[in-house]
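So the sequences go chain by chain: W and S.
Heads up: the first sequence runs through residues 1 to 184, numbered per the working numbering.
Heads up: the second sequence runs through residues 1 to 189, numbered per the working numbering.
It is worth saying that the hints were derived from the structure and are not from the lab.
Some clues are possibly wrong.
Derived pair list, reagent style DSSO-like, types lysine-lysine, alpha-carbon separation capped at 30 Å [stated by the list, open to error]:
1) W:Lys51 to S:Lys122
2) S:Lys128 to S:Lys115
3) W:Lys40 to S:Lys109
4) W:Lys174 to W:Lys66
5) W:Lys51 to S:Lys109
6) S:Lys122 to S:Lys109
7) W:Lys51 to S:Lys127
Taking CB as the label site, the calculated pair distances span [stated by the list, open to error]:
8) W:Glu182 to S:Lys122: 44 to 54 Å
9) S:His36 to W:Lys174: 19 to 29 Å
10) W:Lys96 to S:Asp55: 21 to 31 Å
Just a sample of chain W residues kept apart from chain S, beta carbon distances all over 10 Å, derived [unchecked claim]:
11) Ala44
12) Gly98
13) Gly107
14) Lys139
15) Gly144
Ideal placement from N, C-alpha and C gives every residue a C-beta, glycine not left out.
Take a look at the letters that make up each chain.
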Amino acid sequence: MCNVPSRCLRRLLAPLLLLTSLMASASELPRMSHSLTPLKTPVAMPELRLKDMDDELVDITTLKGKVVVVSFWATWCPPCRREMGTLERLHQATAKEGVVILAVNVGEDVEAVFPFLAAMDPQPTYPVLFDSEAEAMEKWGVRGLPTTYVVDRNGLIRYRAIGGREFDHPELIKRVRSCLGECS
Amino acid sequence: MSMTKLIQIALMGLLATSPLAWAEQTITTNPVTGVHTWKNSAHGVSFSMKQLLPDQVRGFFVSRGFSVKQIDSYATSCVYMMILSNDQAPGVVHFVQNNWSLVSDSGSKPPMDTKDWLQRLKQAGAKKSALIAFRWAQFPPEHEYEPNGDWNQGLLAAGLPAGSSFDLVARWDVDGKPYEGVLKNVQCP
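Sequences and hints are given; from them, build the entire structure.
And the structure:
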């Protein structure tokens with residue numbers, strides 16, 4: 001049992017501290033770029049129906065008419081952690097214009113993800129979905145984390161990024177915004 | 001002009017026209033943990049291997065749902081954090097990890113296969129959520145990286161005893177043209 005709050009917090013944060021000791025520090029990692037690769041032939045997005053932090057089902061097909069940024073991630077993935085804050089800033093810059101960010105967590109549960117998000121600055125306010133069996137990421141063709149897709153208003157995947165990115169970079173924000181039109 | 005001078009000029013010209021063809025390998029040491037990182041680049045692709053101590057690997061995977069007994073053989077199999085990035089290759093970099101070589105005194109072999117590990121860990125009774133974490137924490141067995149930004153990092157097991165050393169020969173192709181890059185004298189923690 002976990003009746004004392006500080007003990008609960010330590011128990012929740014312990015995996016994160018361990019993780020920090022295992023993984024490379026930011027200075028040892030490659031510089032994150034702000035490139036997005038346009039798909040030569042846009043493809044229809046696969047199915048994505050997953051539960052969020054509140055156990056509510058989110059279906060990407062209900063978001064047609066919006067630009068959707070789908071990012072596959074895990075708390076133990078260092079570049080995923082590095083880019084989460086930049087996704088929040090992208091969200092803050094574009095949410096009112098019709099851009100939706102869906103962060104799809106792979107293989108973890110709310111107990112693992114909640115303390116991670118709570119410790120982040122800025123804290124993500126976009127939806128976090130749970131692909132606990134890693135089935136959605138197989139359907140989307142993900143082969144490594146993080147992988148991010150930009151889906152246009154018609155449900156076509158237009159851009160892809162493998163590995164961490166600076167999603168708050170002006171050029172990348174401009175690219176995402178372009179999909180509110182024709183995606184340029 | 002002497003032949004030596006001509007060769008020198010030719011080599012300088014070659015380096016000047018293809019500055020990304022080869023770079024010098026670097027080795028850095030973490031002052032706290034003492035672990036080493038080997039890093040190099042070739043043909044616009046950078047790659048590195050960072051030592052992970054068996055206890056670090058055990059701790060990471062026990063936090064993901066494995067028992068110490070289940071993960072011990074993996075943790076002691078000479079594990080690294082592998083990073084490979086397509087910085088400025090002339091096109092899409094495609095690699096198959098099974099085509100890479102770890103060249104040591106005992107011969108040449110590819111890194112240990114993720115599918116084989118998953119099979120062994122499943123037989124050892126690891127639960128599904130732990131196996132999912134294991135699978136996706138590994139460096140991708142095969143992938144394609146676009147220039148100017150695509151990269152991944154993940155775990156790679158050499159499958160060699162502690163204290164042994166090897167050269168990693170990483171191989172990839174761009175539009176079918178083969179390339180390779182080498183990390184020399186990498187040491188198992």
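Now the hints, each set against the structure:
no., hint, in the structure
1, W:Lys51 to S:Lys122, "27 Å, holds"
2, S:Lys128 to S:Lys115, "14 Å, holds"
3, W:Lys40 to S:Lys109, "36 Å, violated"
4, W:Lys174 to W:Lys66, "16 Å, holds"
5, W:Lys51 to S:Lys109, "43 Å, violated"
6, S:Lys122 to S:Lys109, "24 Å, holds"
7, W:Lys51 to S:Lys127, "22 Å, holds"
8, W:Glu182 to S:Lys122: 44 to 54 Å, "47 Å, holds"
9, S:His36 to W:Lys174: 19 to 29 Å, "41 Å, violated"
10, W:Lys96 to S:Asp55: 21 to 31 Å, "48 Å, violated"
11, Ala44, "20 Å, holds"
12, Gly98, "26 Å, holds"
13, Gly107, "4 Å, violated"
14, Lys139, "15 Å, holds"
15, Gly144, "4 Å, violated"
Hints 3, 5, 9, 10, 13 and 15 from the list above are not met by this structure, while the remaining hints are.
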